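S.K.: Residue-level listing of the chains:
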Amino acid sequence: DAKTTQPNSMESNEEEPVHLPCNHSTISGTDYIHWYRQLPSQGPEYVIHGLTSNVNNRMASLAIAEDRKSSTLILHRATLRDAAVYYCILPLAGGTSYGKLTFGQGTILTVHP
Amino acid sequence: GAGVSQSPRYKVAKRGQDVALRCDPISGHVSLFWYQQALGQGPEFLTYFQNEAQLEKSRLLSDRFSAERPKGSFSTLEIQRTEQGDSAMYLCASSLADPGQGTYEQYFGPGTRLTVT
Chain H
1 DAKTTQPNSM
11 ESNEEEPVHL
21 PCNHSTISGT
31 DYIHWYRQLP
41 SQGPEYVIHG
51 LTSNVNNRMA
61 SLAIAEDRKS
71 STLILHRATL
81 RDAAVYYCIL
91 PLAGGTSYGK
101 LTFGQGTILT
111 VHP
Chain S
1 GAGVSQSPRY
11 KVAKRGQDVA
21 LRCDPISGHV
31 SLFWYQQALG
41 QGPEFLTYFQ
51 NEAQLEKSRL
61 LSDRFSAERP
71 KGSFSTLEIQ
81 RTEQGDSAMY
91 LCASSLADPG
101 QGTYEQYFGP
111 GTRLTVT
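Listed in order, the protein sequences are those of chains H and S.
All residue numbers for the first sequence refer to my numbering, where the first residue is 1 and numbers rise by one.
All residue numbers for the second sequence refer to my numbering, where the first residue is 1 and numbers rise by one.
Hints were generated in silico from the structure; no laboratory data involved.
There could be a bad hint or two in this list.
[Said to hold, decoys possible] Sample of chain S residues with no beta-carbon within 12 Å of chain H, all distances over it, derived: (1) Ala2; (2) Phe33; (3) Pro43; (4) Glu44; (5) Ser62; (6) Lys71; (7) Thr76; (8) Gln80; (9) Glu83; (10) Ala97; (11) Arg113.
[What the hints assert, rightly or not] On the chain H side, residues computed to face chain S include the following (Cβ under 7 Å): (12) Pro7; (13) Pro40; (14) Gly43; (15) Pro44; (16) Tyr46; (17) Phe103; (18) Gly104; (19) Gly106.
Treat the numbers as computed from the prediction; the structure is a model and nothing was measured.
Ideal placement from N, C-alpha and C gives every residue a C-beta, glycine not left out.
Hey, can you work out the whole structure from these sequences and the hints?
M.R.: Laid out in structure tokens, this is it:
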């Protein structure tokens, strides 16, 4: 499975934008980039995914570098509820366990009021 | 609509007891995954079902662990002769798994927190 690298932690102030980086230099042409987050004491929650083009949804935006070796999850206005561990993952795109997720350590996002 | 549900939410077992954890996926979801999450760590893959077929098991899944998904609906993860090292959050996720669209986002349940004393 292609690996991802994220900073261990980041901090933000409430109502400010947050840019969470992820490096995936060994990504293959068919790998989608997925982001999940896990709030305290909850199961992980799907945030967004993309392949080549930038993507927007109601939760966040995903900016993908032209060479696809890195991506950035953008929270446009952080709220206290966005404090969570954010995982950047390249799900298994083939084989028997299609879509299997390999979680790393993720980035712990702290949001200050 | 209803999301993924898991029961029980919390389970305390004495070492050596057998436990059974249940997962009800989102209706119509073909794929079902079990993950184990130790405190302070990211979730780790345990096993995968496509409908009722168990297609992959992680090496983490020792002989004491078994899982089934009869009729491709709910799934049960059973742990026999529990050990203190089995204490963890057990997460279940389901997915529609459409490879053509990369739409294999997984929807997770709240997890079962297992504590073995």
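S.K.: Next step is simple, just say for each hint if it's right about the structure.
M.R.: Right, here's what the structure says about each hint:
1. Ala2: 15 Å, holds
2. Phe33: With a cut-off of 12 Å, phenylalanine 33 of chain S comes too close to chain H, as the shortest Cβ separation is near 7 Å.
3. Pro43: 5 Å, violated
4. Glu44: Contrary to the label, glutamate 44 of chain S does not stay out of reach of chain H, its closest Cβ about 7 Å off (not over 12 Å).
5. Ser62: 18 Å, holds
6. Lys71: 20 Å, holds
7. Thr76: 18 Å, holds
8. Gln80: For glutamine 80 of chain S, whose nearest Cβ neighbour in chain H is about 24 Å away, the distance exceeds 12 Å, so it holds.
9. Glu83: 23 Å, holds
10. Ala97: 5 Å, violated
11. Arg113: 9 Å, violated
12. Pro7: 15 Å, violated
13. Pro40: Violated: closest Cβ of chain S sits about 12 Å from proline 40 of chain H, beyond 7 Å.
14. Gly43: 3 Å, holds
15. Pro44: 5 Å, holds
16. Tyr46: 4 Å, holds
17. Phe103: 3 Å, holds
18. Gly104: 6 Å, holds
19. Gly106: With a closest approach of 6 Å, the glycine 106 of chain H hint holds.
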